[in-house]
Amino acid sequence: MLARPGDASALPSLLQRLATKEEGMATAEYAIGTLAAAAFAGLLLALMRSGSLSGALQSIIESALSV
Numbered sequence: 001m002l003a004r005p006g007d008a009s010a011l012p013s014l015l016q017r018l019a020t021k022e023e024g025m026a027t028a029e030y031a032i033g034t035l036a037a038a039a040f041a042g043l044l045l046a047l048m049r050s051g052s053l054s055g056a057l058q059s060i061i062e063s064a065l066s067v
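If you're matching positions, the sequence shown starts at 1 in our numbering and goes up one per residue.
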């Protein structure tokens, strides 16, 4: 039996369906993780393009290769 939109007896069944339904949760978690990874990559890219950090990293690599 289908409940009408204003029917009060439809509320418990609606709450039950909403409480047990977890479809799409993994997709949302992957989306948030992907956004966080992209933001972190953007931050690293911005840091690497700055002159002072790039020079410091280059000197570390040169000293490591000269040993």
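Check before you lean on any hint, since a few could be wrong.
Said to hold, decoys possible - Estimated spans, in silico, between C-beta atoms of each pair:
no., residue 1, residue 2, range
1, 60, 16, 54 to 64 Å
2, 31, 53, 54 to 64 Å
3, 60, 15, 51 to 61 Å
Just so you know, these hints were derived from the structure itself, not from any lab.
A quick note: this is a predicted structure, and the numbers were derived from the prediction, not measured.
C-beta atoms are modelled at their ideal positions from N, C-alpha and C, and glycine is treated no differently.
Whether the CB-CB distance between residue 31 and residue 53 falls inside 54 to 64 Å:
Hint violated: Cβ distance 30 Å, outside 54 to 64 Å.
For the range 54 to 64 Å, tell me whether the beta carbons of residue 60 and residue 16 fit it or not.
Distance hint for residue 60, residue 16 holds at roughly 59 Å.
So the hint says 51 to 61 Å: do the beta-carbon atoms of residue 60 and residue 15 match that?
Because 58 Å falls inside the window, the suggested range holds.
Hint check: a violation occurs at hint 2 only; the rest are consistent with the structure.
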